[in-house]
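Visitor: Each chain is listed here by its residues.
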Amino acid sequence: MTETELIELLKQRDRTAFKTIVETWQSMVYNTALGILQNEEDAEDVTQETFIQVFESVSSFKGESKFSTWLYRITVSKAMDHIRRKKRKKRFAFIQSLYGKNDEAVIDPPDFFHPGASMENKENAAVLFKAMQQLPSNQKTAFALNKVEGLSYIEISEVMKLSESAVDALLHRAKENLRKILKEYYTTFNENER
Amino acid sequence: MKDEFIHKKIDAAMHSIDKIEKASPRPFLFTRLEARMQNEKNAWTKISSFVSRPIVAFACICLVIFINAMVILFSNNTRNTTNSVTQNGPELATADEYSQVSATLYEFENSKP
Chain A
-16 MTETELIELL KQRDRTAFKT IVETWQSMVY NTALGILQNE EDAEDVTQET FIQVFESVSS
44 FKGESKFSTW LYRITVSKAM DHIRRKKRKK RFAFIQSLYG KNDEAVIDPP DFFHPGASME
104 NKENAAVLFK AMQQLPSNQK TAFALNKVEG LSYIEISEVM KLSESAVDAL LHRAKENLRK
164 ILKEYYTTFN ENER
Chain B
4 MKDEFIHKKI DAAMHSIDKI EKASPRPFLF TRLEARMQNE KNAWTKISSF VSRPIVAFAC
64 ICLVIFINAM VILFSNNTRN TTNSVTQNGP ELATADEYSQ VSATLYEFEN SKP
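Taken in order, these protein sequences are the chains called A and B.
Following my numbering, the numbering of the first sequence begins with -16 at its first residue and continues without gaps.
Following my numbering, the numbering of the second sequence begins with 4 at its first residue and continues without gaps.
In isolation and in its complexed conformation, chain B is listed as follows (with noise of 0.2 Å):
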């Protein structure tokens, strides 16, 4: 009895839109369509009117020649500290180990026996 009743529910469920009739959009659907169109190309046309303007285009080439300079000059002085650091490096710290540097005024006035 439970199942007859629910089977006759899902047969009418899946019978229920077997005949639908089509639904309709809102009226004016292209007036709207036309709006969207045009607010959708005002954007791009605004994007592009802003990058194409001669101060935001000569701002643009200032950024990449700076960014350049800035790269060209930092790897100068990365290579300039660190050919410094290889040349001076052995030699310190083999006065440092031996102690060959004079600490005090005596032993610097009194270096030959």
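With the rest of the complex left out, here is chain A (with noise of 0.2 Å):
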């Protein structure tokens, strides 16, 4: 069955259909949303938010774009709410926590280990990820969906809706700004260590 045919299917709410889209494309899915959010719970969950949204919009689809590139927005897109949620809940439990409401301490996540990094570059992976964190989010993004997900400039500026040379800047800054982040912290951990 051809792409075209299965979307077609969809927009008739035929399940077959939907079990076949959503077996397909699961594993981009999840791992662009691995990629930016880092972490695996909060990547099934925009995995399956992702697929919800794919079934319910589904007839809004004019085919002017790839099916992939459709769903690769609507992933970036439910990736940067989920993590805007998460601050928001963070900031919240925070405030309760100054008023003694909530005895739960605010824990930053652990180090993530993405689980398809090569043994001798798990830690070093680590390191780049948690840098990550640290850039803005359209500068994540990016970085993300080029390193991890292997896209080309092209195909990311046609996600997230920006020119080529826009996308090669972005890539440029994100990786200027990972080496400065870099930088810090292997001069302090490089001070820890005497």
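Just so you know, not all the hints are guaranteed correct.
Computed far set for chain B versus chain A, every beta-carbon distance over 10 Å [to be verified]:
| hint | residue |
| --- | --- |
| 1 | 23 |
| 2 | 29 |
| 3 | 61 |
The calculated SDA-like cross-link candidates involving lysine to any residue, where the alpha carbons are at most 20 Å apart (straight line), are [said to hold, decoys possible]:
| hint | chain 1 | residue 1 | chain 2 | residue 2 |
| --- | --- | --- | --- | --- |
| 4 | B | 25 | A | -7 |
| 5 | A | 166 | A | 104 |
| 6 | B | 11 | A | 175 |
| 7 | A | 158 | A | 117 |
| 8 | A | 73 | A | 56 |
| 9 | B | 44 | A | -7 |
Keep in mind the hints are simulated off the structure, nothing from the lab.
Computed from a predicted structure; not experimentally measured.
Note that CB positions come from ideal geometry on N, CA and C, so glycine has one too.
Reconstruct the complex from the two isolated chains, following the hints.
Guide: See the structure below:
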């Protein structure tokens, strides 16, 4: 069955078509979410939200862009919403802890070890992912799409609705910022080791 | 020496996810997804079935009528009070100011010289 046929069937609320779509694109959606969120549970949550959104708004998909591009767009937007929601919760928990209403301490998430990183790169990848958390959201998204998903500049520009040169600039700034953050990290690490 | 070490570490970190493999979600994602969709659907079904109950609909209509009646009654009362205050107010004030009201029995009886 072709992609267009699947989408047409999904517009008619066909369960089998929906199952095929989920099974075909779940890895892509999950990995994109994981690259941005750096948490397996959150990534699964966003994957489910993405497919629910696909099921509910497939009628608005006119086929002007590729289906995968549309999926990437929904995933990125859902991941960003998730980050915003988490930040809000964290802020609220912090305020509650100030008033003594919530005794739970506000704990930063532990280092993220990507399950796809090779053994010799696990530690370095964890440091890089931690540094990525400090990037502005659009730089982080572009970097994750490029490095984790392996998308080209043109594909990223379609997903993020930017020009190719804007994506180029975004990635250049992301790499520069990451180098700065990593330099600071390794300088402190080196001093503490002595 | 120190700078060189740091630069090497930075380069290693920057290239650590170059050939990263795809992670897989937990198995049976579709089953969990369907269950979630069913749950969300159930929540809305529950809300809509509760709202469409005749007793709830009747109670809502009664509440709207009651609020409307209260607003009309309250606005009428306020208007009456305002009117009475504006009509009687100046006369009383004049009587008080010029002591035209008889205060004692003697004054009442000998009001004319």
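Visitor: Now, for every hint given, state plainly whether the structure supports it.
Guide: Status of the hints after comparison with the structure:
no.: 1; hint: 23; result: 5 Å, violated
no.: 2; hint: 29; result: 7 Å, violated
no.: 3; hint: 61; result: 33 Å, holds
no.: 4; hint: 25/B to -7/A; result: 27 Å, violated
no.: 5; hint: 166/A to 104/A; result: 18 Å, holds
no.: 6; hint: 11/B to 175/A; result: 18 Å, holds
no.: 7; hint: 158/A to 117/A; result: 12 Å, holds
no.: 8; hint: 73/A to 56/A; result: 26 Å, violated
no.: 9; hint: 44/B to -7/A; result: 18 Å, holds
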